[in-house]
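Novice: One-letter residues, chain by chain:
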Amino acid sequence: MANDPIHQFQISKWIPIEIGGLDFSFTNASAFMVATVAAAGAFLYLTTSSRGLVPGRLQSISEMSYEFVASMLRDAAGSHGMKFFPFVFSLFMFVLVANLLGLFPYFFTVTSHIIVTFALALLVIGTVVVYGFYKNGIGFLKLFVPSGVPGVLIPLVVLIEVISFLSRPISLSVRLFANMLAGHITLKVFAGFVTSLSAFGAVGIAGSILPLAMTVAITGLEFLVAFLQAYVFAVLTCMYLNDAIHPGH
Amino acid sequence: MFVTPGYAQEEAPALDEAHTVEGPEHGGGSFPPFDASTFPSQILWLAITFGLFYLFLKRAVLPRIGGILENRHGRIQQDLDQASRLQEEADAAVAAYEQELTDARAKANVIGQEARDGAKASAETARKKVEASLDKKLGDAEAHIASIKAAAMKEVGTIAEDTAGAIVQELVGGKLDKGTIAAAVKAVR
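Residue numbers (this note's numbering), protein chains in the order written: chain A, 1 to 249; chain S, 1 to 189.
Note that these hints are calculated values from the structure, not bench results. Careful: at least some of the hints might be erroneous.
[Unchecked claim] The calculated BS3-like cross-link candidates involving lysine-lysine, where the alpha carbons are at most 27 Å apart (straight line), are:
id	chain 1	residue 1	chain 2	residue 2
1	S	K58	A	K135
2	A	K83	S	K58
3	S	K58	S	K107
4	S	K120	S	K154
5	S	K137	S	K149
6	S	K175	S	K149
Keep in mind it's a predicted model, so treat the numbers as computed, not measured.
Pulled out of the complex, with its shape left as it was, chain A reads as follows:
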């Protein structure tokens, strides 16, 4: 039971809510979504409350994340893309803080559920499609017809482009979900080795040093992955938004 690597993804209802036959219960997942939002919002709000001309350490973190996302978006989508800055910044901070919170023992990882990452990915692609058509009208479809392709190849290229566009929400969501899921399972499995092996007495305890070292190393790696996946999610969002703003390749 304690060694079950899947148990950590179990959702338990805290406050059961049912509307129209659908289960909208406030669960541990909901609680950690609230915690993620509260932690990120409070950090960003409180560290910048002094509005220091010379920033302190914590204010620097908030400013650096701001400038990090801003330069990412500006590089990928140009200055027109800056109207999506609050959106991209919220996504980045939400995914990052959710990933980081999930690394605490006994904490639930919001982004380890495919439905959450898929909903975020659909939000991104939905924004791209809606804004793309709103801004460019039918010209948005030029996205699927790269310029400079010989006429014979156009049907094939369009088919490939459409498939690649449709697979974007899937790849975007599965990448984040799978990384979080696999990382946490790996951590749990190695940590489980430590407890199982140490049950075999002195030799077992000696043998459990290796999985313990692995657990420590993987924990470090997972912190990197937590940041990296948030970054990848945000960068891909920026690139997709660029397609909506400048559909011609």
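Got chain A; can you put chain S on it based on the hints?
Specialist: Just chain S now, kept in the frame of chain A:
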């Protein structure tokens, strides 16, 4: 070494038991991330929390951080502007100082030249004045000498006539009239 196998034997069944107990527990539900019954709740709470987060960041946090950064850039720009302005002022002050220095030098030269010219001119006038006064004195002296000479010459004629009259009287014993003697003296002269 005697103890460890014993532990192993004791613990092994317990572990197996644990595994068999686990099996049915999560065998009932599917793999949690793919359990569709949790989806409505997750989507709803994600929408609520992420929506609020987005609004909070957009309304409160991002304008504030943006303001801080803008303020800082503005301040740095202002400081740089001020620095370059001060630099310009310093350059201008140096240029003005050097200009004044050259002006002063030129003025000093002019003053020196003027003083030299003035001294020369006054020396010249003084010399001319002295020369003029000397010339005048010389002329006066010459005129005086000439008048004295003329007077003396006149005297000489009279003396010669008197002397000649006296000599003739002594030698010849008679008296000659003055006119004859004067004519004779004049003829000798």
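Novice: Now tell me if each hint is right for this structure.
Specialist: Results for each hint:
no., hint, in the structure
1, K58(S) / K135(A), "22 Å, holds"
2, K83(A) / K58(S), "11 Å, holds"
3, K58(S) / K107(S), "70 Å, violated"
4, K120(S) / K154(S), "50 Å, violated"
5, K137(S) / K149(S), "18 Å, holds"
6, K175(S) / K149(S), "30 Å, violated"
Comparing the model with each numbered hint stated earlier shows that hints 3, 4 and 6 do not hold.
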